[in-house]
Every structure is written in C-alpha cells, then in structure tokens.
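**Student:** Residues in the sequence shown are numbered consecutively from 1, following UniProt numbering.
Possibly wrong hints are sitting among the right ones.
Derived CB-CB ranges, DEER-like [said to hold, decoys possible]: (1) 76 with 11: 15 to 21 Å; (2) 60 with 104: 14 to 20 Å; (3) 102 with 15: 17 to 23 Å; (4) 101 with 64: 21 to 27 Å; (5) 45 with 101: 31 to 37 Å.
If you are wondering where the hints come from, they were derived from the structure by calculation, not from laboratory data. For glycine and all other residues, C-beta sits at the position ideal for the given N, C-alpha and C.
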Amino acid sequence: MPTPQPHKDGPLYYPTVSTISLGSHTMLDLYEPRQPKDDDPTEQPRPPPRPVTSLLLEPRSLLVLRNIAYTRLLHGIAAACVDPLDTASLPLNAAACPLARPGAHLVRDTRVSLTIRRVPRVLRTGLLLSK
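Work out the full structure: start from the sequences and follow the hints.
**Tutor:** So, in structure tokens, the structure goes:
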C-alpha cells in the first residue's frame, strides 16, 4: 500500500483531525509547504521535501492535529521498514514515547489508522430508519 505523501486534509476535517493508531508504530513527518520562490526551474528532478519535524505515533496512540499543524503544515508518512533513532533524529514527542530511545531501531509492521472528525451536518436517524 502506498504511503501518504505530504498533504493537507482539507476543509472536511477542519478545525481538528484526530487519528488513533493501531498495530504498528509509524513516523508522521511535518513539512512546510513549498513556496513558488523555493522552486529552481533548472533543478530536475526536484529533491523530495525535508520534514521540519517528526512525531512518533505509537501503537494505541491518539494524535490530535489542529491550529498551525493543521492549517499551515503538510503531513505525510515516508516509506520505511525501520525507523532508526539517534540523538539527532529523535521525534518531537520523544519524551512522551517509551519507544523513542536513542539507538532504537523501530521495525514497522502493519498499522491501522482510524481518523475521527466532526461532521457539522448529518441526517436525522429517523430519516434513515423510516420507509
């Protein structure tokens, strides 16, 4: 299955998106959006964007994205089988994650992601159950 490339979730999830991670861990990378002035027309192909920071999403964890993390930054998951952690590459939330230790090599496995959002308008239950 392809990994999510850097993107925004769009207005259906605004102002908050919550995600529960089940199964394996993963690393969620956060990126500054590319600006037209950043593009060099002589550069072919464009180098991949570099994350501003990363978050370790541990199994059974809840991630809530809002404010700048939701409205301005892009997020994505890089394709990887192993996430090696050293002192220079610890995720932003390392202090809160027991798995995030310098020298750890976290092996990725199958992950299930449940995304929760608030839907402003829904059909009344009675309409769905009536003939």
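**Student:** Confirm or reject each hint.
**Tutor:** Status of each hint after checking the structure:
1. Roughly 19 Å separates the CB atoms of residue 76 and residue 11, a value that falls within the hinted 15 to 21 Å.
2. In this structure the supplied range 14 to 20 Å holds for residue 60 paired with residue 104, their Cβ-Cβ distance being about 18 Å.
3. Restraint check, residue 102 to residue 15: a C-beta distance of roughly 35 Å breaks the suggested window 17 to 23 Å.
4. Between residue 101 and residue 64 the CB atoms are about 24 Å apart, so this pair conforms to the stated range of 21 to 27 Å.
5. Separated by about 36 Å at the C-beta atoms, residue 45 and residue 101 satisfy the suggested range of 31 to 37 Å.
Checked against the numbered hints given earlier, the structure breaks only hint 3 and satisfies all the rest.
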